[in-house]
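Q: Each chain sits in its own coordinate frame; assemble them with the hints.
Listed in order, the protein sequences are those of chains C and U. Numbering-wise (our numbering), the first sequence opens with residue 8 and increments by one. Numbering-wise (our numbering), the second sequence opens with residue 155 and increments by one.
Please keep in mind that the hints were generated in silico from the structure rather than gathered at the bench. Bear in mind the structure is a predicted one, so any value in this text is a computation, not a measurement. The beta carbon of each residue, even a glycine, is placed where N, CA and C say it ideally should be. There may be inaccurate statements among the hints.
[What the hints assert, rightly or not] Sample of chain C residues facing chain U (criterion: CB under 7 Å; computed from the structure):
#	residue
1	A29
2	I99
3	G144
Chain by chain, the residues:
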Amino acid sequence: MPDITFDINGTPVTIDAENDDALLYLIRDRLGITGPKYGCGVGVCGACTSFRGDELVRPCIVPMSDAAGQSFTTIEALAVDDVLHPVQQAWIDEDVAQCGYCQAGQIMTAVKLLERNPNPSDADIDEAMSDNYCRCGTYHRIRKAIKRAASSA
Amino acid sequence: MSSHPSAVPTAAAPVDRRSFIGYVVKGSTLAVALSYGADTLGGGTTASALAPTRPVGEVLGIPELADGVDLTDLLLLSGDPFYYDFLIRITDENRIRFELPRMEVGQGIETAAAMIVAEELDVAIDQIDVSLSPAEIRRATGQITGGSHSVASLWDPLRKVTAALRALIVHGAATRLGVAPGQVSTANGVATAPDGRSVRYADVSDGVEGRNDLARTAVPKDPSTYRVIGSPTNRIDARDIVTGRMKYAMDLDVVPGALPTVVARPPTLGGTVRSYDASAALSMPGVVAACEVPTDVEGASSGVAVVARTFGEAFRGRDALRIEWNPGTADDLSDDDIITQLRAINLPTLPAVPILTKSVSGEFIFPYMAHAPLETMTAIADVSGGKARVWTGAKTPIAAQAKIARDLGMLPTDVEVNVVKSGGSFGRRLFFDAAVEAARISSIVGRPVKLMFTRQEDTKFGRARPLSIHKVQATYRRGGLLGGPGAVLSFDHRAATSALDARHGFGEGITAFAGEVGAFGFSQTLWHTTQLVQYDFGLTSLLLNEKEFPVATSSWRGIYSGTAVVANEVIVDELARAMGEDEYEFRMRTLDDDRSQAVLRAVAEAGGWGRSMPRRTAQGLGLHKEYKSRAAVLAEIKTSPSAQQDARVTKMVVAVDVNRVVNPTGLEAQVIGAATDAITTILRTGLHLDSGAIRESSYGDFEIAQMKHTPPEIEVIFMPTNGDRPGGAGELVVPAAAAAVANAFARATGIRPRRFPLRDFYEEA
Ligand code: FES
Ligand code: FES
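Okay, chain U solo, but in the shape it has when bound (with noise of 0.2 Å):
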């Protein structure tokens, strides 16, 4: 690894407006804590290139806000003031000790996060130990993992803190080996003096106690010499994984006498228990304990808690309980009534239209989609002598300690929660329903318990994507005879959707602004702020309306687009084909956007729009603009006769601009992740409610996508760096690729895609 000559800052560098504490604890280590006092909010560096020109108030009643404030603004505005909270520990052994305080759910954060350090702090990335941070009040909405924003929110604290304690190393290092502070070198975690002599960061505590006029003024590198930003990166934990050494919350061992438990749930969504005998149960071998509970997802649902010593002991526990259940508070309700009741409160698209105007409309169904993560929710929790402990795979660890606080009377500094890496989240993780179920029933029990929710549970009782109705209309006016290329005039998007619980995650941060935005309400403005139409087609409105069903919800890899975009996007290929244009050119022409031209045009050319192919193969667009960052789409697919049982992407190409890529390796895994999500919703799979009961119940019947329904082919474009700090994308393919994958359809069996999975409405499609 090559040195780096520090930059040592000049009495004439920038201060930092906001209040910096910096603790250097004078000892054998360094270690630090640094973090920005939270004076002002939109005057640092930070938010004030990103604070809106108007107040965020007066914004948020126009729509199509996402054109000037987008939800990522918001997220990154809200918690900006509680960002700078990092531990970062220099070891006796030299080692980095880094406590991140964002959740790793198999996205990747920990290893971006690494690298950020590794590059400020002139270490290399296997000199640094990452660890999730437990919940810690004091960050409020800064210790929130959702919204594809985890890598734009640490990219300017992280630097600048770890800039900030570069410079305290090498002013130590300098005065330990008698240089000044500009002729200190450092890599690799040590500094070295011209001459050659060197000293390990872990040596280097003296002489910078209390120079916090040195962590002020430190300021990140130059990205022009970037060596590991932006450089392909393995993930960090890759080694752990693959040799079964990882830990996931039930593979901990933290609390010993935590004994597995299982809860028995009513046979509709919002039971409860009327009475119970768990005289059988008790009496089964390995079973020590039963209760009843409430628990967490549907609010006013309850069922019998079983506690044994292995989880198979607890199964069959739970399986011997005579339970007589209340009903459920969705027993008259399926599908259908709640498709029939989201029309009816669909608002109507404009009014018809003048003459000589055609249109194309239609009106799209999708269904509540499970996030079905590989591990299901899970928690382990020990409640005892007026404190609570609790592990578990939180991505809003401060509301589930708030929410387990006032669950058990205690204060929120009572209970402690730690934050365990995850199987996959998806949006299911926001909310922490075993967390909070695992806290009562430790406390009932009097016990320590590992709570697991089965497949089964997880499939029926978790969250879910909302069901959602979308009628998108589009009025043009075709080509004149005299030349001149068609107009779109008016584009119109009606969504009706099952109301989104966007408590946590979302609303945390959008809360912070409550005295504004209160009376518009979360929904309103979350969808104002992620909902754009970026094709000039005249005058365009997208409005939602929404209503609430005991369904309980939570965002699915994005919150509105991986359904409303897709709408939009089939509709604008079906008003090319009507318009007479390719559906490609007819983009390019109407875009008014140029990164998103420019991986729309990066997907074609790479992909060979417009090939010619054979019979029931074609291929499809999709593009999306979200999270200050771009994705196209370009899908092959191959159908067969017998209907589309058998369709399978055969091809996928996309390209993403996120202004800066981090981690290229981390990114692509992103990117592949999302589009193999386009072939689980759009082809495969969802959920159905019959009578107050979700049908399905394992992967069996929730048929996510294998192997077999991928793309053996897949390749990923990254657009050159336009920007400093990288925009998100954990959610950013989601749409951009469910829409190819619907668009190719269509095009290779002339069918319109009206409702999802398409597989199941054939018929109707």
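Chain C extracted, bound-state conformation (with noise of 0.2 Å):
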């Protein structure tokens, strides 16, 4: 098994990996980073939504090849010294979260479209964030909570 480095929250992390191993049972079963949540495994609910650089990734599908030299980024480390990243204040603010599985999916997703769009409109909200599924049926505060973080940046 070939040893695969990347770097995770800010940390380099060497671990023995298969090539076609997706990364994100390596990130929760090894090394106990579990904000990223497991909801359908082939890329299609985004509950464990992250980021690889800059770009938004789906770890489930990403293989563990791929992985390698890159810096990914998960709900953990999005606040930064316990200061709330503005994504996460609104979802607080707005009292989005039910069972809170799908958020952090949803919240790391919300960050890049305000990033590249920091004043979506309904349609842009409903481009950016429809393959992000929630059960639950928070939608409507996660609409609320992306105007309210766009407002106040």
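A: Structure (structure tokens):
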């Protein structure tokens, strides 16, 4: 099994893994980074959404061969020194979460939406957020929280 | 925060007739386990307020029972003797530790319960640490989360018990401060004398030992003084959620060495392993064990479990298994077979109508529906040394404990079931399949395991809302030429459903009355305690028949109403149109319930019922009464000429009357979530059974509502408080919203909604 090196939440990691192992299970089951959730394992639900460099990525479909040398950020590293990211704060202020299971992925996706588009319309939100499923139906408050974060920026 | 002088009970205060036991543990902290004995049923103040005037058994024989005694009554009555069992502890740091004997699945029950504690104890909500209680056998039917009765069932017991605790604190503080108890005021966990000297709750354990009299006579606060209950309060775990710190079962590190585990399941429902070869799997990196295991969802089914270092490795090991399967139990069944068989057992509607009356009727078909919580079924199990320890999201943990014990040949007391917050339930977690399977696997492989259903398994082998057909027929006489409104003469509903497995969540509660309802049966009891027609429709009769099929079921955010009420409300719309009346006016005219009229009026006014709308768009109404609550929904929909593929609900106005709102923020979230479910079930998706296999496998084909399907505009209206005890809310809005969406679709397209999800049955509709 090859050793594969990558960065996660600012820390370099070297781990023995198969090239086609999916990143999600390595970081959850061996590194104990459990913020990204398993919801489907096939890149559909968005519960595991994290960043690779500056981009959104779904670790459940990132093979370790593609992870090598890259740096990843999960929900755990979004707040810096316990200071919440404005999107996290907006999520609290709008009381978005119900079961919460999808919310790490929702927040990560919203952060990138707002970086690209600081003032998204309803249609922009539909487009950017629709591939993050929430079974509890928190979409309405997600929409409000995105608008709140946009106006607070 | 303002301070509140304490209400000191006097000798004249009523003594609860149940035997009250208070344990006050002396020491550096005041730890109180308060409990009422179960010596009376229906004798205490709580139960007597609910108790039907006639014996339950007698009442249960009567159709449309829901008018008198509904399921909420049955659940509360059966649990009442056990509801008073809480553990509340004041720590050295002056924090309140509260163990909640309910399950949090996102419905916000922890926050609502913390609000009640904060209110009665005069502490700030952030001074309270809530945890979920493990299974405690002594609670019997008092530790079940389901049927939208959590807040209602906590309401009296939790207020009384915390009021008792506060009485003890006030007396302890009075002794300590050398003043009379009536002079002590309390706020933020501190008791203060008139001269300003104060003492923390944590420091008042002296002088109250054995003072059960104080606890027994304590009186909860007058609702007019509430400062926490009824005010918008955010979730107490919001920060943990947004920072990724919240731990769900698979995130826990409670048992060192508990390894990821998955189960290879048969190609069709009810299939079993004939033989298997795990040698290739066991040689894969990370794989540590494999074993055959009886699975739990289907009863007689089995699969092969693979235990590995990571889930990724477990999946790879599973894929390397070579398994020969025996056929399943449903291999000759597809949806159409089930529908045919259900039609055959559906009871006939009332016979032909007299001349001069007209009728409106329809047959409605609702598919099997996965619960599809975002977190699949999961459990950690460690079976060793004659004991079992399990961590799982169980809404019926005592039943889980009993089953695991039976399974492993242990005493229930040797099985510890720890309840973990979970990623959604919607009725799915009334069953605890993953916990049972995890315990079996752990005992077979001799090591702790973390079992997770994959999304695919959860969809294909999970439980489902039963497939059901509903024949609804109403007869009416049109308004006469001589004036006077028309009248509905009869309203018949005949439902035939794939049998609902209601053993857990409702079964336990109803079994508590086994002597009385045994012959009548679970399903009939559930049907008759939840279904009613709230319109003055002459002769009404609602009957259920059901048939067992080898497809596992569980109630789905409600029991029968999510389907039956939709069928009724669609026919109500069609009746109104047939009689030449406006759908709203017709309902208002025929409703015989003030609270329902009020919620309906509220949505009609706020939503501008009847406003002129562009082509292919329309409004629709839906109404529902259950759980001692009322809901009305006005939905607006936009459809396109290319059929309903693009139908979008553009706006929803929802009004609910739940007697008393504990947390408006939490209730609004439940309302909006339930309204979203209506979009999923009416417009978007359902399961298909093809020769014994469920066709769908993930959200890619089990297409629940996404952001782009939900209305940008949602207005939620709460009716003014009109009763003491909060009614149920979690499931309340599903039927009304589903009906409103179906009715809006019908009004926009002219198509009569008959088979769901509508987008699959456009041609047939
Ligand atoms: S688990 Fe990665 S997208 Fe669903
Ligand atoms: S909050 Fe439960 S799935 Fe989104």
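Q: Does G144(C) hold up as a contact with chain U if the rule is Cβ-Cβ below 7 Å?
A: 3 Å, holds
Q: Double-check A29(C) for me: the hint is only fine if its C-beta lies closer than 7 Å to a C-beta in chain U.
A: Given a least distance of 5 Å, the restraint on A29(C) holds.
Q: Using Cβ atoms only, decide whether I99(C) comes closer than 7 Å to chain U, and label the hint accordingly.
A: I99(C) check passes; min Cβ-Cβ to chain U is 5 Å, inside 7 Å.
Checked against the numbered hints above, the structure violates none of them.
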